Structures are given as structure tokens and as C-alpha cells.
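Peer 1: For the protein sequence lines, the chains are A and B, in the order given. Using UniProt numbering, the first residue of the first sequence is number 1, and each one after it goes up by one. Using UniProt numbering, the first residue of the second sequence is number 1, and each one after it goes up by one.
I should point out that these hints are in silico values taken from the structure, not numbers from a laboratory. A portion of the hints provided could be inaccurate.
Said to hold, decoys possible - Partial selection, computed: residues in chain B whose CB lies under 7 Å from chain A: (1) 78; (2) 155; (3) 162; (4) 165; (5) 174; (6) 176; (7) 178; (8) 243; (9) 245; (10) 286.
A quick note: this is a predicted structure, and the numbers were derived from the prediction, not measured. Quick reminder that beta carbons are idealized off the backbone N, C-alpha and C, glycines included.
Number of protein chains: 2
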Amino acid sequence: MHTDLVAALDIGGTKIAGALVDGQGRILVRAQRPTPAKEDGDTVMRAVEAVLGELTASPLWGHASAVGIGSAGPVDASTGTVSPVNVPGWRDYPLVAGVRAATGGLPVELIGDGVAITAAEHWQGAARGHDNALCMVVSTGVGGGLVLGGRLHPGPTGNTGHIGHISVDLDGDPCPCGSRGCVERIASGPNIARRALANGWLPGPDGDTSAAAVATAARAGDPAAAASFARAARALAAGIAATATLVEIDIAVVGGGVGKAGEVLFAPLRQALAEYATLSFVQRLVVTPARMGTDAGLVGAAAAALTRRTDPAAAGV
Amino acid sequence: MHTDLVAALDIGGTKIAGALVDGQGRILVRAQRPTPAKEDGDTVMRAVEAVLGELTASPLWGHASAVGIGSAGPVDASTGTVSPVNVPGWRDYPLVAGVRAATGGLPVELIGDGVAITAAEHWQGAARGHDNALCMVVSTGVGGGLVLGGRLHPGPTGNTGHIGHISVDLDGDPCPCGSRGCVERIASGPNIARRALANGWLPGPDGDTSAAAVATAARAGDPAAAASFARAARALAAGIAATATLVEIDIAVVGGGVGKAGEVLFAPLRQALAEYATLSFVQRLVVTPARMGTDAGLVGAAAAALTRRTDPAAAGV
Numbered sequence: 001m002h003t004d005l006v007a008a009l010d011i012g013g014t015k016i017a018g019a020l021v022d023g024q025g026r027i028l029v030r031a032q033r034p035t036p037a038k039e040d041g042d043t044v045m046r047a048v049e050a051v052l053g054e055l056t057a058s059p060l061w062g063h064a065s066a067v068g069i070g071s072a073g074p075v076d077a078s079t080g081t082v083s084p085v086n087v088p089g090w091r092d093y094p095l096v097a098g099v100r101a102a103t104g105g106l107p108v109e110l111i112g113d114g115v116a117i118t119a120a121e122h123w124q125g126a127a128r129g130h131d132n133a134l135c136m137v138v139s140t141g142v143g144g145g146l147v148l149g150g151r152l153h154p155g156p157t158g159n160t161g162h163i164g165h166i167s168v169d170l171d172g173d174p175c176p177c178g179s180r181g182c183v184e185r186i187a188s189g190p191n192i193a194r195r196a197l198a199n200g201w202l203p204g205p206d207g208d209t210s211a212a213a214v215a216t217a218a219r220a221g222d223p224a225a226a227a228s229f230a231r232a233a234r235a236l237a238a239g240i241a242a243t244a245t246l247v248e249i250d251i252a253v254v255g256g257g258v259g260k261a262g263e264v265l266f267a268p269l270r271q272a273l274a275e276y277a278t279l280s281f282v283q284r285l286v287v288t289p290a291r292m293g294t295d296a297g298l299v300g301a302a303a304a305a306l307t308r309r310t311d312p313a314a315a316g317v
Numbered sequence: 001m002h003t004d005l006v007a008a009l010d011i012g013g014t015k016i017a018g019a020l021v022d023g024q025g026r027i028l029v030r031a032q033r034p035t036p037a038k039e040d041g042d043t044v045m046r047a048v049e050a051v052l053g054e055l056t057a058s059p060l061w062g063h064a065s066a067v068g069i070g071s072a073g074p075v076d077a078s079t080g081t082v083s084p085v086n087v088p089g090w091r092d093y094p095l096v097a098g099v100r101a102a103t104g105g106l107p108v109e110l111i112g113d114g115v116a117i118t119a120a121e122h123w124q125g126a127a128r129g130h131d132n133a134l135c136m137v138v139s140t141g142v143g144g145g146l147v148l149g150g151r152l153h154p155g156p157t158g159n160t161g162h163i164g165h166i167s168v169d170l171d172g173d174p175c176p177c178g179s180r181g182c183v184e185r186i187a188s189g190p191n192i193a194r195r196a197l198a199n200g201w202l203p204g205p206d207g208d209t210s211a212a213a214v215a216t217a218a219r220a221g222d223p224a225a226a227a228s229f230a231r232a233a234r235a236l237a238a239g240i241a242a243t244a245t246l247v248e249i250d251i252a253v254v255g256g257g258v259g260k261a262g263e264v265l266f267a268p269l270r271q272a273l274a275e276y277a278t279l280s281f282v283q284r285l286v287v288t289p290a291r292m293g294t295d296a297g298l299v300g301a302a303a304a305a306l307t308r309r310t311d312p313a314a315a316g317v
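Work the whole structure out from these sequences, hints included.
Peer 2: See below:
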């Protein structure tokens, strides 16, 4: 019996999605606006309010008991603020206060978008039934989140599992974050494409230089394309193995656009994982593709709102 | 009012220490035997039983309500077995069953030695009052443990925080664990000494080639010695930053013989940490020397036994 209903927001650099979600993760009402990512902070907030306005106008709204927000990071759940890299108008922006004001004072739970995806995969996707899991999004960037001891583990500020910015190559190339040799600097889609091009991969007549095009070339036998995916796989494997060695996860779920590349990514990833995950307690670690679709962010934000108020076991998260 | 009393075992490759410890971490009774590390498994177990025999002979024994074990790893708390690298006679050895049999069926809590040190530092040492902490031992090997959300986080098998075997150099030198570029492979005492010698450091007339001797030379201005400590500091910084980025710790406590090197280690460590810990939510991370002495393993094993049965807040752990 899950009669709980919560509001969910999934805030990214491209779109702001909202939904009313029930205690079983079903989306009952939807709303969406483009993110005015280049505008000032209050203009971005008005787009959030427009999404919330559609939700509050629903006859179901009266049943909503909390709001969950999954936002592009970094977020700071301890202060209720967000500073998404790709939304420059929001720096330490008081998103939680704004959402609370727009929803009549409902309790608000804020987590990073990687943590939200993780909540969704744990509730209904590939990490379901796993008490200790890393879920990742490998796309334009590399993000993630952790389930520890059977529960989502957002951490004090809502940013845990930020695997894209751990260094697996301490003398490696500078990363835009300021560090060096980060997983994202090696394994993100743009870096897979950049490296393939640098090593002699030639895009097709359509000029597509996306990681998906590199994957297609790798499947067709192009050695530079395959080598670039293999290099990304090694970086991902080193990062996943580090996570398993630090917090004893037993499954790593890989989603996002690059995660959809299939065996071009997963075959070298499994091979490299066997090389880097060597201690006895991490050898059973498996890596698997994500199962949730484009609603993962909304479903995960809803999960965070549901578990905020209820026994996590009751919500199945 | 802490009237609880528990037994604690600290099992390493050199000695087996035991104690009766009260609810405030005071050691009331001690026992110790050398570890017959080259003997068969049952002979090693008899040394454990001899230590326990001294404890059970104490008039205080009747008050002991549980046994905590911190053992050289890997351990497997889920099966109650241990396989310490430096005790070859113990492979998947049923230590918990043996200890339970020798103590009249008391509940037994098994954790890795790095986790035990962490429990001690959190209870009474440098991590006290910190809800999210990494505690490390940098010595012949590199180990550690985690406090997350205010509580010790041993993980399903009791091995979390195994920072010595995360790769920070994915193309780096092979590590005896089977992986490459592990923190331990770069930052352990023997590796600090090996690298200093390879780069031209000459030991003194006493022929001491320990990491402590390298530290003395570094303080006296020897460039190869200082460079070897700086390299170790970079590897430790990359590993600490990775941990903070993955699980949002706010303090890293560094102990062990290498941790005693002082500013020869900590000055480059703080500098490198600023380079690798770049995201907003990890920038407040501090690194500090350990405070617990040689009893840390016993005190930490006791803490694990106490928190196993009681509200962790009540035991202050």
C-alpha cells in the first residue's frame, strides 16, 4: 500500500522537468520547460516556478507531501543551494527556499543528479536488490552516486559518488575541474571522440564526431576508435575498482550516452576491471548497463523525497 | 555511565594483543603473544587462544559481553574468516568460530585492522567529532577505514577504506596485489626508501635505509629524499581526494610510521591535496596526523564490539 504522492524536479542545463510521482514510482502528472541556462538566476528560478505551477494546478497536488529535487551539480544540501556548472546564473543559489515558497512550505529534499539517477536504479532499475552499489552516468560528463548498506548515501551536501572527478592518473592531463587525470577527462563522450580523432580516426561523410559515431566505427573495426573506447574503459575500471575497494560495492551500473555503446565499452571494461579490482572482497564486483530511461532523474528525485519522510524499507528504496 | 566491558584482539603479522576494555576505552587487562606467522593455521590459532586464556582468567572476565577483533586483512566479516597476507597459514581461516568457542559463545565482531584504527581515532583520537572521516595507516603497507554519517562503516566484509590498493596511476608500476599504480605501491615506507635510493639518496654510515632515515635526510636537505616524500605525498593526496570526492569526508587522519615523518610528509601532502581536491564540496577537507598510539588497534576493536550491541551514540563511537 503506497498511497504517498510526492513532487519531483529534475533540473539540468537543457531542461527542467517536473512530475507528481506515487509511492510506487509511477509518474502521474508531468511538466517541462527549457532551462534558460544563459539568463540570470531569478529568470532560471521562474522557469522552475512555471513547472511547479503546472504541478500545483493538478487536482492531485493536494496529496503531495514533499518535493524531491535532483539538480545538476555541485549542489549543497546542507545549505539548500545549487551552483550547476552549466547554469552560470546560479551560484550558491537558494533553490530549496525558492521551491519551498512555491509549494506552500512543503519539505524539500535536494540531491545531485548523479545521486538521483542512483536512487532510481536502486529502486526500480539495475541496482535493485543490491545493498552496496555505484551507479554512473557516462555522457558529456561523468557522474554517479552510491547506495551503501541498503540505502541511498547522498552525503552531507548531496554530492557523493562523484566518480568523474577522481584522479586515476595523477600525472595525467589537466582537467577543467583543476585536478589531473580525472575519470571524466579520459572517459567522457567528448574525450573519447577527441582521442579517437587525435589517433587517426576519420569520421564518416556526415561529419559526426560524437562518441556514438566513434562506437559505430569501433564496431566496424576501426583501431583508433576501438583503442579510444578501450582507454576510456580502463579509466572507468580504475575508478570503479577504487570505489569498490573504498566502500565495498558489489555492482557498478553504467548509464548515459556512452553507457549505451554496448560491448565496445563493456568488453574492455570487464577485462580492465579484473586487472584493477584485485583484492578478495572486490573480485565478485559486476558491471552492468543502466536500465532506467529518461525518467530516471524524476523517479530518483521522487525516491529521495519519499525516503526523506518514511522508512526507506517501506518505500523500497 | 559506561559499565560495559568487552574483550579486544589486535591480530597482526608480528604480535597478537588482547585486552579487556571498558566502555570509555580504558584498557584494564592486557595479554600478548608473538604471532607464529610461519606456522600452520591451527598453531596460530593456539596463540590467539593463549591470549584469550589470560583474559578469561581475569576476575573481570565475567563482565565481558562481547569480543571485538581487528585483524590484518583481508578479513571477511560475512563468513567470519580471515586471510592475512602476512600469515600464510590462515586462508579463509574460521577465526570468529574459534574465538567464540574459546570465549564461551560470546558475540564476536570482526573488522580489518585499518577499520579498527579508524574506530579508535573516531572514538578518542584525531577524528573525534567528525561525522565523515578517512583514517589511514601509512607504514610497511597502506591501510585505512571510514566513518560515514557519524558511524564506523566497516562494509559487508569489514574491509572498507582500503585506500592502499586504489590505483592513482592507471599505467603505473605493477603492485603485488595484481593491480597497478596503487597508493601503497608509491607511498608505503619501503617504496619511499626504494625510490630515494634509486634517485641517488645515500644512507648514512649506520646503513639505515628505512623511510624514517629518508625522512631525516629530507629534513637535512637531501633532494632525492625530499623528492621521494613529495612523490608519496602526491599519491596519498590523489587517494585522499578520491575518497573525499566519492564519500564526502571532511578529515583525513594519517598515522603509521610514515605518518610520523612530520612536515616532510604533511607539507607536500597539503599542497598536493589542494591540487587534487578541487570540487566545492571537498575543498574544506583537512589532513592531520593520527593521535592514537600503539593501543589504537585494541581500542578500535573494543569500539566495534561495543557499538555492535549498543546505541553507537551511547558508546560515543
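Peer 1: Hint by hint, say whether it matches the structure.
Peer 2: Against the structure, the hints:
At a threshold of 7 Å, the smallest CB-CB gap from residue 78 (chain B) to chain A is about 9 Å, leaving the interface hint violated. Given hint, residue 155 (chain B) at the interface with chain A, holds; its Cβ is 4 Å from that chain's nearest Cβ, closer than 7 Å. For residue 162 (chain B), the shortest C-beta to C-beta distance to chain A is roughly 5 Å, which falls under 7 Å, so the interface hint holds. Contact between residue 165 (chain B) and chain A, as hinted, is supported at the beta carbon level, the nearest pair being about 6 Å apart and thus within 7 Å.
Because the beta carbon of residue 174 (chain B) sits about 10 Å from the nearest beta carbon in chain A, more than 7 Å, this interface hint is broken. Annotation: residue 176 (chain B) was flagged as interfacial toward chain A, and the flag is violated, the nearest CB pair being 10 Å apart, outside 7 Å. At its closest, the beta carbon of residue 178 (chain B) sits 4 Å from a beta carbon of chain A; the interface hint therefore holds under the 7 Å criterion. Look at residue 243 (chain B): its Cβ gets to within about 6 Å of chain A, closer than 7 Å, so that hint holds up.
Restraint check, residue 245 (chain B) versus chain A: the minimum CB separation of about 5 Å is within 7 Å; hint holds. Below 7 Å, beta-carbon pairs count as interface contacts, and residue 286 (chain B) has none with chain A, the closest being about 15 Å; its hint is therefore violated.
Violated hints, listed in ascending order, are 1, 5, 6 and 10; each of the other numbered hints is respected by the structure.
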